[in-house]
Amino acid sequence: MRYQNATAYRFLAPYLLIFSIFWLWPIISSFLISFQATRTVPWRFAPTFNWGRLIGDPAFFNALKNTLLILVIQVPVMITLAIVMAVLLNSPLLKARGLFRFAFFAPVVVGEVAYSAVFRLMFNLDYGIINKLLNSVGLPRIDWFSNVTPAMAVIMIAVTWRWAGYNAIILLAGLQSIPQDVYEAATLDRVSKLKQFFYITLPLLKPIIVFCAVLSIIGTMQLFTEPFLITERGGPGGGTETLGLLLYRQGFRSLNFGYASAIAYTMAGLAIAISLVQLWLTREPK
Amino acid sequence: MAAVTLKNVVKRFGVFEIVHGADIDVEDGEFVVFVGPSGCGKSTLLRMIAGLEDISGGEIAIGGKVVNDVEPADRGIAMVFQSYALYPHMSVEQNLSFGLRMNGNPKADTERRVKRAAEILRIAELMKRRPRQLSGGQRQRVAIGRAIVREPQVFLFDEPLSNLDAELRVQMRVEISRLHKELGVTMIYVTHDQTEAMTLADRIVVLNAGNIEQIGAPLDLYDDPANRFVAGFVGSPKMNFLAAQVVGNDGSATVVELANHGGARLRKSLSGAPPAVGAEVVLGVRPEHFFEAGEGDCDIAVKADVAEHLGSVSYIYANAGPEELIIEREASRQRATGDHMVVSIKAGRSLLFDKSGARIR
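These protein sequences, in sequence, are chains A and B. Mind the numbering: the first sequence is residues 1 to 286 in UniProt numbering, read in order. Mind the numbering: the second sequence is residues 1 to 361 in UniProt numbering, read in order.
These are computed hints drawn from the structure, not numbers from a lab. Some hints could be false.
Stated by the list, open to error - Calculated pairs, SDA-like style, for lysine to any residue (alpha carbon to alpha carbon, straight line, at most 25 angstroms):
no. : chain 1 : residue 1 : chain 2 : residue 2
1   : A       : Lys195    : B       : Tyr87
2   : A       : Lys193    : B       : His20
3   : B       : Lys128    : A       : Phe197
4   : B       : Lys107    : A       : Ser91
5   : B       : Lys107    : B       : Gly136
6   : B       : Lys128    : A       : Leu205
7   : A       : Lys193    : A       : Tyr265
8   : B       : Lys65     : B       : Lys107
9   : B       : Lys128    : A       : Gly128
10  : A       : Lys206    : B       : Gly39
11  : B       : Lys107    : A       : Leu194
12  : B       : Lys355    : B       : Ser236
13  : B       : Lys355    : B       : Lys128
14  : B       : Lys65     : B       : Gly39
15  : A       : Lys195    : B       : Asp54
16  : B       : Lys181    : B       : Asn68
17  : A       : Lys195    : B       : Gln94
18  : B       : Lys238    : B       : Gly39
19  : B       : Lys355    : B       : His340
20  : A       : Lys193    : A       : Ile170
21  : B       : Lys128    : A       : Glu284
22  : A       : Lys65     : A       : Leu194
Computed from a predicted model, the values in this text were never measured in an experiment.
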């Protein structure tokens, strides 16, 4: 048995080696770096230097506030939209189902830079299609990128556009795993389609919805591309700066790796904590 | 309670016709079983009665009222599904009461109906459990309970026992029979298992490839099948079919020669017109209707291939040329593979079919 184990580990060794060097060590190293003052060379051990700064840093709290705001508004809207899309995709009345599935999933495949550029163009003050549409229905143009609220809205719309279809496809798989005869039994019980949705579909889909929500929470906590490219590095005036962007600014522009590491661990901790709360709130009763 | 009438009911899926004009009259309070092999259209027929499938042609009436365009919930039926179709996220109690609660039924009445169903099916102690915490038999009871609380005029069962093990199937079969006696409601039951059909039904509808082959009481179908399909389908082990040829007719009897049994001949009386001399026919003999040598009207020699000893009876699978025969024997425990034996056929205990499978009477 011991010999067999040793053989197994010899086969696993190449993977474990690469895993340790490129995955495990960076995790440990960055955690250790978060306890070092890294603004001057040589780096020195100062346990409270970065963590102490984090607690009193207005930029951190601004980024945290922005990230949580996006999380609280965008994730529920996106998941709701994804459920609606999944139900529509699952409808037997829908024609060209494959085409719609691809169309909903396509945004994930599009390159981040390309899609960000398109969104910047669409929301451009002077020649963007959104403002033209607003004008055509008699509404005033909006300067989307110069004011915090519209800029934040653009980020949320962009993220929702990109990920709603992806979540819808996951939810669709969940919907298709619900046996048809459960609905037939409900039909014989004179339960309307709407009540079937709320009393059968949603409860049976709950584990998948929770899964999508947890994935989305983790993704939003790490949000970087959209505020970096669409609202130009968290503009206007840091109004859309997220934790991911603050981490990038501290780590790769100010080269303050200790503080960036502390931010990274805070993001991971928050994502885990929020996901755990979510899982606890939606747990199955015994 | 209500009678169910099907008049020339047709079902098509696109260009494919699955049910070719079914005519069935189910009397009030009757237990009718639709039986047939997979794909014969029996479940489709049941689902059309339930309203879960559209009717492509013909008419279905429940309690004298045509229900072709009536919603499933308004037909006065309740259905028990093969997969139970229980709501997995609800307790047994919630499963039973769900339909009534959703329709605003008074709480006291809902509680009364749920309690009654739980008592009838002896599931009162399971009320707080979820379906996944129940055994197959218990789940099936809950599924039946959900049908009972609706207090329907007609119960529809779609292969309700096929997911249960053999022992539980027998137990549930008895329970369903008891339930029918207790409630006295019309029941239509679909199965591919002819034993279930024989033991449960007042009348059996035998279906094959979308056609009704015969409707009748279980023993009538067994003793007097309309054709070779019914003769082969009803009865376990199934009827033996021996290739034969008509070699002579004398007045009210015909003489057939068994093609694979060395020219053995059987003289069989017929009530109708005899087949022409030279016509190829098939002689049907049930396994229990092979007698000891000399006891019947025609002896044939066979070689035992496999012997199954079930205790009270033995089934001997015997070869005679290209034909494999199943012979039932009491007290034949010593019979072994390779034994040569002679068995006898009685003309009055055999059936004759023409080449197309129709019965020659």
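Here is how each hint holds up against the structure:
no., hint, verdict
1, A:Lys195 to B:Tyr87, "holds, 14 angstroms"
2, A:Lys193 to B:His20, "violated, 32 angstroms"
3, B:Lys128 to A:Phe197, "holds, 24 angstroms"
4, B:Lys107 to A:Ser91, "violated, 34 angstroms"
5, B:Lys107 to B:Gly136, "violated, 29 angstroms"
6, B:Lys128 to A:Leu205, "holds, 22 angstroms"
7, A:Lys193 to A:Tyr265, "violated, 46 angstroms"
8, B:Lys65 to B:Lys107, "violated, 30 angstroms"
9, B:Lys128 to A:Gly128, "violated, 59 angstroms"
10, A:Lys206 to B:Gly39, "violated, 36 angstroms"
11, B:Lys107 to A:Leu194, "holds, 22 angstroms"
12, B:Lys355 to B:Ser236, "holds, 23 angstroms"
13, B:Lys355 to B:Lys128, "violated, 59 angstroms"
14, B:Lys65 to B:Gly39, "violated, 29 angstroms"
15, A:Lys195 to B:Asp54, "holds, 23 angstroms"
16, B:Lys181 to B:Asn68, "violated, 29 angstroms"
17, A:Lys195 to B:Gln94, "holds, 15 angstroms"
18, B:Lys238 to B:Gly39, "holds, 20 angstroms"
19, B:Lys355 to B:His340, "violated, 30 angstroms"
20, A:Lys193 to A:Ile170, "holds, 22 angstroms"
21, B:Lys128 to A:Glu284, "holds, 15 angstroms"
22, A:Lys65 to A:Leu194, "violated, 37 angstroms"
The structure fails to meet hints 2, 4, 5, 7, 8, 9, 10, 13, 14, 16, 19, 22 from the earlier list, while all remaining hints are met.
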